[in-house]
Amino acid sequence: MFGRRQRAAPDTFSNEVLGYLEPLYATAMRLTRNRADAEDLVQDTMVRALRFRDRFEPGTNLRAWLYTILHNTWRNRIRDTAREATDVDSERIEELASTADGPAEVETPEQVLIRSTMDADLKEALDGLPDAFRQAVWLRDVEEFSYAEIAKMLDVPIGTVMSRISRGRRQLYEKLTQAKTDAQIHVSR
Amino acid sequence: MSDCRLVTEQLTSYVDEQLDATPRDALEQHLDGCVSCRRAVARERGGQTVLRQHAQHLREEPLPPGLKSRCESLVHEHARAASLPGWRRTLVPTVLSVILLVFTASAIFSLATRQSDAVLAAQLTADHSKCFKLFVGGNPPVMDAHEVEEMLTREYGWKIHVPPSVDGLQLVGARRCLYADGLVPHVMYRAANGQDLSLYVLNGVTRTPSDLVTFGHRSQIWTKNNTTFVLVGPADESGRLVDATRYMMKEADR
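Residue numbers (this note's numbering), protein chains in the order written: chain A, -2 to 186; chain B, 38 to 291.
Chain A on its own, in the form it takes in the complex:
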């Protein structure tokens, strides 16, 4: 009854967790859009990962487990500080997005966009997306998680995840093409 619980060798587990520090921080930056909050969030994630390490099932995806902790921690923090209340109102976000997603008559060729987009422009465009869409496209296209893994991290159904990814990608594309159109107008004046 009072026997020692089975747990992974401390060094292996801890070292693996520490190995994910940089991608966790990059994700925290896009989640919070604030260095101090991102730093706090990563530290809290580490504390929880170490405290609840017994709940991690060896052989499963440690990276996905850590990202789930990161997103749960952030959701709790937003709830605690009652900030960005619309963030968790996915219905409202879907609604707003559908009205903004009008027909695009002029299209910049995809390859031109990809070649000419700078990291800084992309980060700015990403940060301008609604939080729910930004989280979904980041986890899918930057971190390459599956729909099911993302659904677990964000605590929403898979259908909602796919809808957010779709809206997020299209809005991002529109923001980048719009930014380029604006820049061209500015230059030609």
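Each hint should be verified, as a subset may be incorrect.
Unchecked claim - The list that follows gives simulated cross-link-like pairs (lysine-lysine, DSBU-like), each with its CA atoms no further than 30 Å apart:
1. B:K167 to B:K287
2. B:K287 to B:K170
3. B:K261 to B:K287
4. A:K149 to B:K167
5. A:K120 to B:K105
6. A:K149 to A:K172
7. B:K261 to B:K196
8. A:K149 to B:K105
9. A:K172 to A:K120
As the list claims (entries may be wrong) - Selected chain B positions facing chain A (in silico; Cβ < 7 Å):
10. R80
11. G83
12. L88
13. R89
14. H91
15. H94
16. L95
17. R96
18. E98
19. L100
20. S106
21. C108
22. V112
23. L171
24. E186
What the hints assert, rightly or not - Beta-carbon label-pair distances, calculated as ranges:
25. B:N263 to A:A33: 31 to 39 Å
26. A:E13 to B:E97: 51 to 59 Å
27. A:N69 to B:Q55: 22 to 30 Å
28. A:E141 to B:H198: 28 to 36 Å
29. B:E288 to A:G56: 33 to 41 Å
Calculated directly from the structure, the hints in this document are not laboratory data.
Where a beta carbon is used, it is the ideal one built from N, C-alpha and C, also for glycine.
We have chain A already, so just place chain B on it with the hints.
This is chain B only, laid out in the frame that chain A set:
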């Protein structure tokens, strides 16, 4: 269901190449004759491709100084706790949980009794214990007071005077913490004898001066110019800590 609606529902799977052959062929047949859906596919594919092309760079966010070493300290601290005998290992998280529980309960209680200094002292004492346990660790680097002041202004918009380190008392950290009435700057110090002191600065709050002992910690509360200062430290002060406390009280509300 219209074909366009079907495309909308399957758009992400199609762009991610995760559709089976039969629905994919049906969707492509629809795309051949529908300009609007072709545009939707082009936009989604455009967003996806830009992100994937830049994914590696996006993941390379430089870590802020000190974050890695603090996380490594957490790992070492945890490994040390794990090596303790069973009953002590169980006690450490239990004590932390009790502290957090008291913090949460007192925060809720405080919504009804905002004027209670005892509740304020209990909350900040719990936060003091938690922050030193989780974020400072055994051998923290000494920080520059001006840099800390600049960080608090830059990151949180707070303009407060941070008492600098003196002989026998070192400034070791500053954080933004949560108590029942909102967010508050928390500045952390370590005395030469290893004991910890916390200074909280509550802007726009007025309290009558108090000196309380809660959970084995002493909280000294005073107000100046519509700002309340709370100094939390150990209840059993040694001679050096009395000096440190005097210095903090004199310096904080300058």
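Hints, one by one, checked against the model:
1. Proposed proximity of K167 of chain B and K287 of chain B is supported: the alpha carbons are some 26 Å apart, at most 30 Å.
2. Restraint check for K287 of chain B and K170 of chain B: the C-alpha separation of about 27 Å stays at or below 30 Å, so the hint holds.
3. Using a Cα cut-off of 30 Å, the hinted pair K261 of chain B and K287 of chain B holds, with the two alpha carbons roughly 12 Å apart.
4. Of the supplied pair hints, the one linking K149 of chain A and K167 of chain B holds, its CA atoms being roughly 29 Å apart against a limit of 30 Å.
5. Taken as a hint, the K120 of chain A and K105 of chain B pair is honoured in the structure, with Cα atoms around 23 Å apart against an allowance of 30 Å.
6. The suggested pairing of K149 of chain A with K172 of chain A holds, with an alpha-carbon distance near 28 Å, which does not exceed 30 Å.
7. Simply put, K261 of chain B and K196 of chain B have alpha-carbon atoms about 15 Å apart, close enough for the 30 Å limit, and the pair holds.
8. Only pairs whose Cα atoms come within 30 Å are accepted, and K149 of chain A paired with K105 of chain B is accepted, the gap being roughly 27 Å.
9. A distance of roughly 11 Å separates the Cα atoms of K172 of chain A and K120 of chain A; the hinted pair therefore holds under the 30 Å criterion.
10. A cut of 7 Å between beta carbons decides the hint on R80 of chain B: the least distance to chain A is about 4 Å, and the hint holds.
11. Hint status for G83 of chain B relative to chain A: holds, with the closest Cβ pair at about 4 Å, below 7 Å.
12. Interface restraint check: L88 of chain B against chain A, minimum CB-CB distance 4 Å, threshold 7 Å, status holds.
13. A cut of 7 Å between beta carbons decides the hint on R89 of chain B: the least distance to chain A is about 5 Å, and the hint holds.
14. Among the interface hints, the one on H91 of chain B holds; its C-beta lies about 5 Å from the nearest C-beta in chain A, closer than the 7 Å criterion.
15. Of the supplied interface hints, the one on H94 of chain B holds, with its beta-carbon coming within about 5 Å of a beta-carbon of chain A, less than 7 Å.
16. The beta carbon of L95 of chain B comes within 5 Å of a beta carbon in chain A, closer than 7 Å, and the hint placing it at the interface holds.
17. Because the beta carbon of R96 of chain B sits about 5 Å from the nearest beta carbon in chain A, less than 7 Å, this interface hint is met.
18. Interface restraint check: E98 of chain B against chain A, minimum CB-CB distance 4 Å, threshold 7 Å, status holds.
19. Contact between L100 of chain B and chain A, as hinted, is supported at the beta carbon level, the nearest pair being about 6 Å apart and thus within 7 Å.
20. Evaluation of the S106 of chain B hint against chain A yields a violated restraint, the C-beta minimum of about 11 Å exceeding 7 Å.
21. The interface hint given for C108 of chain B is met, as the beta carbon of that residue sits about 5 Å from the closest beta carbon of chain A, less than 7 Å.
22. Taken as an interface hint, V112 of chain B checks out: its beta carbon lies about 4 Å from the nearest beta carbon of chain A, inside 7 Å.
23. Interface restraint check for L171 of chain B: the shortest CB-CB distance to chain A comes to about 5 Å, inside 7 Å, so the restraint holds.
24. With its C-beta approaching chain A no nearer than about 14 Å, E186 of chain B sits outside the 7 Å limit, and its interface hint is violated.
25. Taking the beta carbon of each, N263 of chain B and A33 of chain A are about 26 Å apart, not inside 31 to 39 Å as hinted.
26. The hinted window of 51 to 59 Å between E13 of chain A and E97 of chain B is violated, with their beta carbons roughly 20 Å apart.
27. For the pair N69 of chain A and Q55 of chain B, the supplied restraint of 22 to 30 Å holds, since their beta-carbon distance comes to about 26 Å.
28. Under the hint 28 to 36 Å, the C-beta atoms of E141 of chain A and H198 of chain B, about 48 Å apart, miss the expected range.
29. For E288 of chain B and G56 of chain A, the Cβ-Cβ distance of about 55 Å falls outside the hinted range of 33 to 41 Å, so the restraint is violated.
Against the hints set out earlier in the document, violations occur for numbers 20, 24, 25, 26, 28, 29.
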